[in-house]
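Engineer: So the sequence lines, in the order shown, correspond to chains A and B.
Numbered by this note's numbering, the letters in the first sequence go through residues 31 to 266 in order.
Numbered by this note's numbering, the letters in the second sequence go through residues 117 to 535 in order.
Hints in this document: simulated from the structure, not taken from any laboratory.
Be aware that one or more of the hints could be misleading.
[What the hints assert, rightly or not] With a Cα cut of at most 30 Å, we get these calculated DSSO-like pairs of lysine-lysine:
#, chain 1, residue 1, chain 2, residue 2
1, B, K164, A, K138
2, B, K129, A, K137
3, B, K164, A, K226
4, B, K125, A, K142
5, A, K126, B, K164
6, B, K292, A, K51
7, B, K385, A, K137
8, A, K138, B, K446
9, B, K164, A, K51
10, B, K372, A, K138
[Claimed, not checked] On the chain B side, residues computed to face chain A include the following (Cβ under 7 Å):
#, residue
11, L162
12, K164
13, M169
14, S340
Idealized CB from N, CA, C, for every residue including glycine.
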Amino acid sequence: MAIIIGIDALDPEYAQAFNCKNLMQAHFGKTDISGFSEPRTVVLWSSFLAGKNLEKEILALGDREMWNFSLKPEQTFLAKFPKRIVVDVPGFAYSKEQHLLERSQLKKFFSKEISVEEFDRPILEYHRGIKQRFLQDLEKDFDLLFYYFNAADVIGHVSFGNKAKMRLIYNDLDELAGRAAAKQHKMLILSDHGMKAVGNFGDHASGYGFWSTSFEAGLHRPKITSLRSFIEKEML
Amino acid sequence: MKGKKESEKENMKIVIVGHVDHGKSTLIGRLFFDTGSLPQGKIEELKKTCEAMGRPLEFGFLMDSLEEERDQAITIDTTQTFFKTGKRNYVIIDAPGHKEFIKNMVTGASLAEAAILIVDANEGIQEQTKRHAYILSLLGMKQVIVVLNKMDLVEYKQGRFEQVKEEMHKFLDKIKVKPEFTIPISAREGDNIAKRSKSMPWFKGKTVLESLDSFQVKKREASSALRMPVQDVYHIGGKRIVAGRVESGSISVGEKILLLPNGTETTVKGIEIFLKPGVKQAFAGQSIGITTNDPLFIDRGNVVCSENSKPSVGNEFQANLFWMAKQPVKLNERLSLRLATQRIGCVVSSIRKRYNSSSLELLGENAEQLNETEVGEVVIKADKPVVFDDFNDIPETGRFVLEKGLDTVAGGIITACGA
């Protein structure tokens, strides 16, 4: 049994600064995403799933359509896990409705139609709901449980400079990782890219993401596209 | 909070020590929150975030808001964090670990006047709790509050409070730390911090803020002997100004003074304090410059003293040493002694006894080395004469740190002159 927790924009520096021991697990480091022109969420998660750089193919769909991009299980390592539970992962099973809401919220916030609290509320409520589902699914019989959480990214875009708030988000994710770790399955925690503060706001950081494993994996600075073979070899 | 006018308020420096997981940040966050010392907008935003996430407000995280405020307010001294009561302003000295704490305290970078020792009532006393308590003892801290935190996790039971309190006091007795208050609290829930706890009606003592307010700020002890370690010598407007901080006693214009270790005598011609002309006398805690009637050969590390109450000057002294580095210290290993502004090469020439700083168990006599977190009764031998006092007479010039390269590796107090 294996668990993958995908966390959008989990930044290694904040994970360390906030002492998120469960997120860092036994081994952790940065991934290499230097082969991508920009750190784009759908591109990175899809490339991770497929084990190859799909940037060109996905960008050709255009900015709006790229979120509809969806891989088939047999194009990914997921096919190797017949009893899988995969929730919300971009490029495979993403909630389009939620993504549209987030885009609309960001637009409203930056055009000053809503306050930061009004921006945060639906994002955090969604996070709360999906966390609840994750904890329930954790009790089920599976060979792979793969969940994706994006509160660190969406809230981070508006409040990455607000350390108290970001510590709350990271702490919440750390607790969730702690609950998963208690099951003692092989676990990989992965972020697509890091984040950097721009005043109080946050922007995707280029060049690196975050990985951690519950077991000795021999990973140093793996390319995100090399993790497919790693999962197939080490986590099956 | 009502009380004195802002301009009349005094400052008190405090430090909060204890095991890393026993709730230090939460207590600091709560102290700031309950005294209204946090930026209001940030708290509201954080509260709403917590509500949306279905979590209680995390007081430990409030410190992040403060740090951001300080980072943005470049005119504010970034090393100091204030909270206020009706009586005075409190400055919490940041002591992320015992190394920083000892170094700051001993070098005088930030001398705390009171300490709060925090213990998790649920988990009980840990080794780190005892070590930090030992450091308070080592530094001669007199105004100490013990708080037994996380009482909410032990259902606010008086029995548990009394049990941990007794155990803590037993240890503190052994190291001669006498806490003036021992308070059951829940920093997370706000019990007995600013307000009396409704969940612990059995506790009749003072709250944390009331206890702090009952302490005294460091007095200008004009009666004690003058010690002014020299920080530097400046030439300004034709004057030769000897700069330093009065660590003990007072200094007056016209007073006969002695410069040690070389023993030169002279009299004070003038006292210079920035933007304060015509100063005739200065007291402990003040940073000043003096001019003298005779030209002197003087340098950083010299100590200005009163003629009638001299410190010891010598190459050797006995000390209690708290070793902090991972690598043990071996006899006659090269180190640097830092005492006030003096920095002199030295060795530990004898380790007469070594103790476990947590259990206080005697580990050996006439030892060859002292290991991490052990305490030793040692003899320090310096390359040149050192100006010092017995710690019990004048703590400011009776404590020191040892450095190895750029690292602070030990803190100590002087117990006797000579070997």
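Engineer: Is the Cα-Cα distance between K125 of chain B and K142 of chain A 30 Å or less?
Structural biologist: Judged against 30 Å, a Cα distance of about 42 Å means the pair is violated.
Engineer: Please verify whether K164 of chain B and K226 of chain A have alpha carbons no more than 30 Å apart.
Structural biologist: Status holds; Cα separation ~24 Å.
Engineer: For a C-alpha distance cap of 30 Å, please report whether K138 of chain A and K446 of chain B respect it.
Structural biologist: Between K138 of chain A and K446 of chain B the Cα gap is close to 66 Å, so the pair fails against 30 Å, i.e. violated.
Engineer: Close enough to count: is the Cβ of K164 of chain B nearer than 7 Å to one in chain A?
Structural biologist: holds (5 Å)
Engineer: Does K137 of chain A lie within 30 Å of K129 of chain B when you go C-alpha to C-alpha?
Structural biologist: Given pair K129 of chain B, K137 of chain A is violated - Cα atoms ~47 Å apart, limit 30 Å.
Engineer: For the pair supplied as a hint, K164 of chain B and K138 of chain A, confirm whether the alpha-carbon distance does not exceed 30 Å.
Structural biologist: holds (19 Å)
Engineer: May I ask you to test the interface hint for S340 of chain B with respect to chain A, counting a Cβ-Cβ separation under 7 Å as satisfied?
Structural biologist: Interface hint status for S340 of chain B: violated (43 Å vs cutoff 7 Å).
Engineer: Sort out whether K51 of chain A lies within 30 Å of K292 of chain B, counting only the CA atoms.
Structural biologist: violated (37 Å)
Engineer: Quick one, are K372 of chain B and K138 of chain A close enough, alpha carbons at most 30 Å?
Structural biologist: violated (74 Å)
Engineer: Does the alpha-carbon distance linking K385 of chain B and K137 of chain A stay inside the 30 Å limit?
Structural biologist: violated (70 Å)
Engineer: Are K164 of chain B and K51 of chain A close enough, with their CA atoms no more than 30 Å apart?
Structural biologist: Distance ~26 Å between K164 of chain B and K51 of chain A Cα, so the pair holds.
Engineer: Given L162 of chain B was flagged as interface, is its beta-carbon under 7 Å from a beta-carbon of chain A?
Structural biologist: Constraint on L162 of chain B satisfied, holds at 5 Å.
Hint check: violations occur at hints 2, 4, 6, 7, 8, 10, 14; the rest are consistent with the structure.
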